[in-house]
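Q: Sequence:
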Amino acid sequence: MEKINVNRELCDGCLDCEHSCQSLHSSSRIKILEYDSSFYPIICQQCEDAPCAKICPTEAMSQTDVDHDKCIGCGLCSMVCPFGAITITNTAEKCNRCADREEGPACIKACSKRAISLINPEKLKAEKQEKYIAKLAGKTKGKRQNSFVNIITSGARTNKVLKE
Numbered sequence: 084m085e086k087i088n089v090n091r092e093l094c095d096g097c098l099d100c101e102h103s104c105q106s107l108h109s110s111s112r113i114k115i116l117e118y119d120s121s122f123y124p125i126i127c128q129q130c131e132d133a134p135c136a137k138i139c140p141t142e143a144m145s146q147t148d149v150d151h152d153k154c155i156g157c158g159l160c161s162m163v164c165p166f167g168a169i170t171i172t173n174t175a176e177k178c179n180r181c182a183d184r185e186e187g188p189a190c191i192k193a194c195s196k197r198a199i200s201l202i203n204p205e206k207l208k209a210e211k212q213e214k215y216i217a218k219l220a221g222k223t224k225g226k227r228q229n230s231f232v233n234i235i236t237s238g239a240r241t242n243k244v245l246k247e
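Per this note's numbering, residue 84 is the first one in the sequence shown, and the count goes up by one each step.
Do not rely on the hints blindly, as some may be mistaken.
To be verified - Below, simulated DSBU-like cross-link-like pairs (lysine-lysine); rule was C-alpha separation at most 30 angstroms, straight line: (1) Lys86 / Lys211; (2) Lys222 / Lys206; (3) Lys206 / Lys192; (4) Lys114 / Lys211.
Unchecked claim - Just the calculated beta-carbon pair ranges, DEER-fashion: (5) Ser109 / Ala217: 43 to 49 angstroms; (6) Pro134 / Ala217: 33 to 39 angstroms; (7) Gly221 / Ser145: 43 to 49 angstroms; (8) Ile155 / Lys192: 30 to 36 angstroms; (9) Glu213 / Lys153: 41 to 47 angstroms.
Just so you know, these hints were derived from the structure itself, not from any lab.
Here the structure is a predicted model, which is why all the values come from computation and not from measurement.
Glycine included, every Cβ here is placed at the ideal spot set by N, Cα and C.
Construct the complete structure from the given sequences, taking the supplied hints into account.
A: Structural data, given as structure tokens:
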């Protein structure tokens, strides 16, 4: 299942994503918060074993969406969400990745900095594992950078060879 990812390096906190989401739904289902000069998203992670779905007394909540006809707005789901991603207006609201929109999530389309994207966690995990294995095997891509540490250690290795 794809997840919405916000690149903190690109996000400037303009909140275009929140406004776009709010224009489609009764409230914004994504929230961008600033912490220590960086911006972080608060958004439903659509948990595998969703606590919100487990606690819902009317079975209105599912892993990916809310049945607004069944929801009574009790707020239990909001209390157990580990991410604080569920808001209660008259009923519960959480991100469903704009499943009803052919174009995909509105927040991604609205982001002028292109800081928001959909990622596949399994694909990302595989890429990181491959990169790590390549590093262990000494087969890193590209040229080796002449960092301060590399220069010092290469100098020490040269001196050791010359002394022998």
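Q: Going back to the hint list, which numbers does this structure go against?
A: none
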